[in-house]
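The chain contents come next:
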Amino acid sequence: MKISDLQNERVTPRLSASLKRIQELSGGSSDLLVNKIEICGIKAALICCEGMISTATITELILHPLTNMTLENPSPAALFGKIENNMLLSIDRPVATNYGDFFRLLNSGFAMLAADGMDRILAFGVQGYDKRGVDEPSGENNITGAHEGFVEVVRTNMSLIRRRMKNPTLVQKLFVIGDKSQTDICISYLRDRVPENLVERVMDALKKTDLETVLSKGYVQPFVESRRKRIFESVGSTERPDVLCSKLLEGRISLLIDGTPFALYIPKLFSDSFQTLDDYSAKPYFATFIRWLKYAAFLIAILLPSIYTAIAMHHPELLNNTLLMILADSEKNAPFPVAAESVGVLLMYEIIKEAGLRLPKAVGGAVSIVAGLIIGDAAVNSGLISTPLLTVAAVSVISGFVIPDLSHCITVLRILFIICGSLCGLYGISLLGAAVLANACATSDYGYPYTSPIAPFKLSAMRDVAYRQGFRKMQNNNFTVEELYE
Amino acid sequence: MNKISYGQLFTLLTALKAFSLICSDRPADIEQMLGAAISVILQMVAVIPMLMLYKKKNFSLKNEMLLGKLGKLLYSLFFILWGAVSLTDLWGVTTSVYFPVDSSFKCAVLIGIVCLYISFLGISAAARSSTVIFGLLIFSIAVLILGAYPKIELSNLLPEVSGRGVISGAVDDFCTSGELPVLFILLEYTKSSRSKGTSLFFIGKLVLIELISFIEITVLGRIMDISDYPFFSAGAYSQPFSVQRADALYMILFTMLCVISITLLLSLTSVLVKEIIPGFKYSAVLSIVLMLSASWAMNQYKINAGYIYGGLILLLAVILPIIMLIRRTVNEKTSHSDSRSADHADGLPEGN
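Top line first, the protein sequences correspond to chains A and B.
Under the numbering used here, the residue at position 86 of the first sequence is numbered 86, and the numbers go up by one with no gaps.
Under the numbering used here, the residue at position 114 of the second sequence is numbered 114, and the numbers go up by one with no gaps.
Some hints could be false.
Said to hold, decoys possible - The calculated lysine to any residue pairs, modelled on SDA-like cross-linking and capped at a C-alpha distance of 25 angstroms, are:
| hint | chain 1 | residue 1 | chain 2 | residue 2 |
| --- | --- | --- | --- | --- |
| 1 | B | K106 | A | M313 |
| 2 | A | K294 | B | A246 |
| 3 | B | K3 | A | R230 |
| 4 | A | K229 | B | S283 |
| 5 | B | K196 | B | F139 |
As the list claims (entries may be wrong) - Every beta carbon over 12 angstroms from chain A, so not counted as near; a handful from chain B, in silico:
| hint | residue |
| --- | --- |
| 6 | V45 |
| 7 | K56 |
| 8 | C107 |
| 9 | N156 |
| 10 | C175 |
The set of hints was computed from the structure by calculation and includes no laboratory data.
Built from N, CA and C at the ideal position, the CB exists for glycine as well.
The shape of chain A in the complex, shown without the other chains (with noise of 0.2 angstroms):
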């Protein structure tokens, strides 16, 4: 049974038929609530959710109104008429034609009240279902910033960005995605600020969704950004309002979903990445170096255990001879190539990741201190892995941890680079990079170049990305993404 079918069936004016048809629907579902009442003499049910709708609300908002509620001439046009047009019973007071729009709204914690010998049912908005507060986000840690994350509740999100953002040319739309979720999305632009056909664009591939369900940002994602196999994402997603009100500011446009802690945003960009809110409070000159400290790290995520391997294997020549020893005298011992050494202890740490991230939080710390004492001591007291290379991987990996952001990325091309070093030295480096580069050269969704503005170079957007300008020089540049478009 598809929603959009039940979108085209209309509510029946007698009520018990309409009830019966309601039962019918829901299976006899246990959490629908149906009481029936008379106001003013007129046969009426208020139906509504269990745990969706707030108990005190609906008591002193529609209960107590509707029971001491007086009709001169009671008729049930009378009576929807005197509620639609006098009485504010709540805020959210939307109407139900369809059995589609019903359980639409009934299922997101509206009261819904239907009358004897009428074709509509009024809806009222209470919810009060067990929700998250507002509290730091998980992933995006920043220490002078806010520290509000988002939450589960769309609604709740909304309102994080419109108290960040009090000015009218901040439009949010919410719509529905999945047949069987019914998901609440919420579009967000700044007006003034977006580029033209962007939002039009970005609705018509959202319209092309097909989902059942919408549980997390993964399932909306892969609509809105590019098909073709692209390394990098090309759709952003933050934790943060404020983070993404800075995107909102710079012409974007950010998802909401309801049901998940996470926005998107649309374009992104690959300089994005290293961008974080901390960078904003502190003097342009750190700024600049923490970020230049990022690009750096980046390189060494990905490179160096793959530069370690392709110079000892195939380029001792390239170091200076106290290096070289140090590095021979340690891999006489080692029993493994050096590729398959670099490549064992990454997989190694993945694999202690993984169990650390999926783990109670108590085991995954004694994962954590297993995982040291195994690889850290006793590897290396064994002779299995040599010290340079486990000092190697270390670096590598804490390099990592500095661009969380593109982390999927970074562990996959890691590990290739490892493959063509020990295959073919800093040649296979060099043509794996090659081929990196173009891909991400290549991503652009929108007309918005991911490698923007580094390729192609546009050198009034690199105030934030090779350099941390200002607020002094950079609030009069009213920067938005259509300076990038190709």
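The hints should help you fit chain B onto chain A, whose structure is shown.
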């Protein structure tokens, strides 16, 4: 085919030239530097007709190519030939400079696969990549200068002036300027500021030639005569860091430039082949196979037809554009005078 910006035109062509420069096995001297400078200035003048052609209203090389499909075939064959020359350069360097692949042919095949992949991504991907690789080129040259500075011997510049070296330097430079026909085709895909992009390229080319030659001459001196590839030898002699040799950087730069050069030639050939045989899907695969085969043949039979290349460059980058410009101008004048006489005829009173 996607459009590129004038900046990308500059970086693509500079990458192509830089690759042939660092693969050059000719020992440089002051006369050759001077000859190359003269050659670059003459080339700037020689490309004026092609720029004028693109300034003509509604000019499209796709529709107005001289000799039609035959003209396109000529250009695509030249690009295959130039791709093969670039791959031969790669073979040469890989045998001289240490590359950890069993055979040079394997090196060429590997690079062919990567270039094929990038050409599938489109010319804009290659053009954008060339911006980053241009940055790498600047960085590498800065490192080279840093390392070369203490080793520079200005006395090495002193030439035994004969005058003949200047002319041969100019001719040699022209014969290795395969980027000129590329420029002619690439201008079709340049969005705007074609003249600006072209001027920037020639300035960049001049600076690059003179700078690299200067470093090679002053650092290597007489060693250059016995050096297979002066750029790599100069790099090996001038090491700025004590911990890590900078050769690794030049090896990476060399590979990156090679990838961009061959990808560019492959993309252009592929586009032209598609125009010659519409609907042919394997144009890029066919082109790279032809490039690899030609390169193998060049290596096997030690073919080095420098002056023939020069003649082809002259034909494709100078003579054909001039003929096309004249044809277009004559056509415009004819159609203008036809329309004037038609207007005049319209204005005449009708006969009885």
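Mind listing which of the numbered hints don't hold for this structure, in increasing order? 8
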